[in-house]
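*Asks:* Using the sequences and the accompanying hints, generate a full structural model.
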Amino acid sequence: MYENFKSNSILRVSSLFIFLLIWWFSSFLYNNSLLPSPNIVFTKILEEIDNNELFFHTFITLKRVFISFIIAMIIGSVIGTFMGRREKLNTFFDDWLVLGLNVPALVIIILCYVWFGLNETAAILAVSINKIPMVAVILREGARSIEKEYVEVAKFYNISKKKLIFHVILPQLYPYLMSAARSGLSLIWKIVLVVELLGRSNGVGFKLYGFFQFFDISGILAYTFSFVLIILFVEFIFVRPLEKKLTRWR
Numbered sequence: 017m018y019e020n021f022k023s024n025s026i027l028r029v030s031s032l033f034i035f036l037l038i039w040w041f042s043s044f045l046y047n048n049s050l051l052p053s054p055n056i057v058f059t060k061i062l063e064e065i066d067n068n069e070l071f072f073h074t075f076i077t078l079k080r081v082f083i084s085f086i087i088a089m090i091i092g093s094v095i096g097t098f099m100g101r102r103e104k105l106n107t108f109f110d111d112w113l114v115l116g117l118n119v120p121a122l123v124i125i126i127l128c129y130v131w132f133g134l135n136e137t138a139a140i141l142a143v144s145i146n147k148i149p150m151v152a153v154i155l156r157e158g159a160r161s162i163e164k165e166y167v168e169v170a171k172f173y174n175i176s177k178k179k180l181i182f183h184v185i186l187p188q189l190y191p192y193l194m195s196a197a198r199s200g201l202s203l204i205w206k207i208v209l210v211v212e213l214l215g216r217s218n219g220v221g222f223k224l225y226g227f228f229q230f231f232d233i234s235g236i237l238a239y240t241f242s243f244v245l246i247i248l249f250v251e252f253i254f255v256r257p258l259e260k261k262l263t264r265w266r
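Residue 84 in the numbering used here sits at position 68 of the sequence shown, and the numbers go up by one each step.
Rather than coming from a laboratory, the hints here were simulated on the basis of the structure. Mixed in with the good hints there might be a few duds.
Said to hold, decoys possible - Restricting the straight-line Cα-Cα distance to at most 25 Å, the calculated cross-link-like pairs of lysine-lysine (DSS-like) are:
hint	residue 1	residue 2
1	Lys104	Lys164
2	Lys206	Lys79
3	Lys261	Lys164
Said to hold, decoys possible - Each pair of labels, with its calculated beta carbon distance range:
hint	residue 1	residue 2	range
4	Glu136	Asp111	28 to 38 Å
5	Gln229	Arg256	32 to 42 Å
6	Phe98	Lys261	50 to 60 Å
7	Ile86	Ile175	47 to 57 Å
8	Gly133	Ile38	37 to 47 Å
9	Tyr166	Lys206	21 to 31 Å
10	Ile86	Pro191	14 to 24 Å
11	Gln229	Val255	12 to 22 Å
12	Glu103	Phe230	53 to 63 Å
Ideal Cβ placement from N, Cα and C applies to all residues, glycine included.
*Replies:* Dropping the structure here:
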């Protein structure tokens with residue numbers, strides 16, 4: 017196991033080194049103002065940390081991502097599970113789900129700002145509405161894949177509804193929940209940036225818009241890589257260990 021971990025670590029470090037090498041080499045082929053080298057971007061990150069801008073705007077964006085993520089996961093999971101377990105309900109709401117999946121995120125964001133104003137509620141609502149249909153689709157497939165034999169055995173032994181949900185149904189839904197969570201996290205933070213760019217006066221999206229106006233590529237890359245590193249940290253420190261723990265029963 018240790019050898020496998022060591023081998024994977026070497027591969028990841030090598031991959032990162034090659035990526036930085038390609039980036040550094042490419043920056044020499046183009047003007048530094050168009051593609052700043054890694055050291056220029058790193059210097060920009062330190063500069064933004066020093067004036068407290070990076071921490072402030074990143075925290076604001078993370079808060080919006082977290083709140084929207086929780087809302088979308090809860091509502092989407094409930095809708096998807098019920099649709100997967102009840103055919104008539106699925107038939108009734110299926111077209112609604114298709115509509116939600118195909119309406120562009122930008123349209124929903126604009127409508128929320130027009131209807132509710134340029135405020136935090138509209139921003140969170142816009143992001144959540146964009147993500148709910150995707151979560152519902154994934155959990156619907158999960159609910160359909162639940163083994164009926166397990167449920168029938170549980171009912172035969174007359175176990176309580178609470179145990180049926182937490183010990184029979186939910187463990188079978190965990191892989192789908194983790195898939196929805198992982199895809200949701202990667203999608204939500206991108207939508208949050210658009211929301212901030214269009215109608216908020218703080219956050220990473222707001223800062224990126226400011227850098228765009230001044231053609232400051234180093235600033236754009238500095239905030240982009242900083243936020244990506246945070247998402248990767250969440251993925252490796254929280255999501256993957258949680259996924260391994262939840263699917264251990266298999």
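*Asks:* If you check each hint against the structure, which ones fail?
*Replies:* Hint check: 6, 7, 9, 11 fail, others pass.
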